[in-house]
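Q: Sequence:
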Amino acid sequence: MGKRNQTQRRKSEDPVYRAIGNDQRRVILSLLSQTPQISEQALARRLTTTEQTAPDESLPPDEVRNSRIDLYHHHLPILEDTDFIRWKSDEDLITTTDHIALEDPRFQRLLQTEVKGIDDVLAELTETRQRLVLAILRDENSSMSQTALAREVVKWESDEADPAQAAVDETAIALHHNQLPTLSDASIIDYDTETGQATYANHPAVEEIVRILQKPDSRLVKRLNGFLEGLQTSYEQATESTSDPLGTPSIWRAPYE
Numbered sequence: 008m009g010k011r012n013q014t015q016r017r018k019s020e021d022p023v024y025r026a027i028g029n030d031q032r033r034v035i036l037s038l039l040s041q042t043p044q045i046s047e048q049a050l051a052r053r054l055t056t057t058e059q060t061a062p063d064e065s066l067p068p069d070e071v072r073n074s075r076i077d078l079y080h081h082h083l084p085i086l087e088d089t090d091f092i093r094w095k096s097d098e099d100l101i102t103t104t105d106h107i108a109l110e111d112p113r114f115q116r117l118l119q120t121e122v123k124g125i126d127d128v129l130a131e132l133t134e135t136r137q138r139l140v141l142a143i144l145r146d147e148n149s150s151m152s153q154t155a156l157a158r159e160v161v162k163w164e165s166d167e168a169d170p171a172q173a174a175v176d177e178t179a180i181a182l183h184h185n186q187l188p189t190l191s192d193a194s195i196i197d198y199d200t201e202t203g204q205a206t207y208a209n210h211p212a213v214e215e216i217v218r219i220l221q222k223p224d225s226r227l228v229k230r231l232n233g234f235l236e237g238l239q240t241s242y243e244q245a246t247e248s249t250s251d252p253l254g255t256p257s258i259w260r261a262p263y264e
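Mind the numbering: the sequence shown is residues 8 to 264 in the numbering used here, read in order.
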């Protein structure tokens, strides 16, 4: 993929959500947290063991081979593209990077969560406008018309208090054909195509993600009691994501900016 296309895609998505928006990749990252350097074959065996809960010595060779094919063609390229691993396929070697999210307990909790619908929600949160639409509906906590929602989206994206009606109308059409049906298909919102009304469905996976990301991590603060207040303030400022509703902490996204 060319650097220009890669940069454009990263501007419209949250790479962290992209990396963990699949249950197998979350397992892979959990395994790599325990073993920062591993061969493809060894990782394939550990992944197969985890999926089948079978002893390593009794793993069917076909299953291990299929796991390695999935790793090679799907999961490892995405994890490398999102800067979580360094992958030397010619040397059969996978190494974790110094990505700051890997050291954050909140990220580890995201990897371990098994709440129903988590894959669908993480996939939907990858795209910037999807997150914005969801954040607006969740904050509204009641039904919104397609037009009212579009107006809020345009206001947020353009930073204009009174956006042009043409921009609102264009965005309303885009929401109707893209974000709203997609979020509805994932049962994250309720969307009535006839009335144009949308409502957040209080999805348990969304609430779990918000709970995890908004829970402060005080590990670093506790190490230096004399600087507790200042460190807590600095840490909160470094990890806040107010410029992107429902986005991962900005410090996690630093490698992509």
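Careful: at least some of the hints might be erroneous.
Unchecked claim - Label-pair ranges, simulated between beta-carbon atoms:
no., residue 1, residue 2, range
1, T42, T202, 48 to 58 Å
2, K95, Q204, 46 to 56 Å
3, D199, Q31, 26 to 36 Å
4, A171, K123, 52 to 62 Å
5, D146, P67, 45 to 55 Å
6, K222, T57, 19 to 29 Å
7, T42, P68, 18 to 28 Å
8, S257, S165, 30 to 40 Å
9, D77, P43, 48 to 58 Å
None of these hints come from the bench; they were simulated from the model. Cβ coordinates follow ideal geometry from the N, Cα and C atoms, glycine included.
Q: Take the C-beta atom of K95 and the C-beta atom of Q204, compute their distance, and say whether it sits inside 46 to 56 Å.
A: Given about 52 Å between the Cβ atoms, the range holds.
Q: Does the beta carbon distance between T42 and P68 stay inside 18 to 28 Å, or does it fall outside?
A: Given about 22 Å between the Cβ atoms, the range holds.
Q: Could you see if the CB distance from A171 to K123 stays within 52 to 62 Å?
A: violated (41 Å)
Q: 48 to 58 Å was suggested as the range; check whether the CB atoms of T42 and T202 agree with it.
A: holds (53 Å)
Q: Do the beta carbons of S257 and S165 sit within 30 to 40 Å of each other?
A: violated (21 Å)
Q: Is the distance from the Cβ of D146 to the Cβ of P67 consistent with 45 to 55 Å?
A: Given a distance of about 49 Å, which is inside 45 to 55 Å, the answer is holds.
Q: Take the C-beta atom of D199 and the C-beta atom of Q31, compute their distance, and say whether it sits inside 26 to 36 Å.
A: holds (35 Å)
Q: Do D77 and P43 keep their Cβ atoms within the hinted range of 48 to 58 Å?
A: Since D77 and P43 have Cβ atoms about 21 Å apart, the given range 48 to 58 Å is violated.
Q: State, for the Cβ atoms of K222 and T57, whether the hinted interval 19 to 29 Å holds or is violated.
A: Holds, since K222 and T57 (Cβ atoms, about 26 Å apart) stay within the stated range.
Hints 4, 8 and 9 from the list above are not met by this structure, while the remaining hints are.
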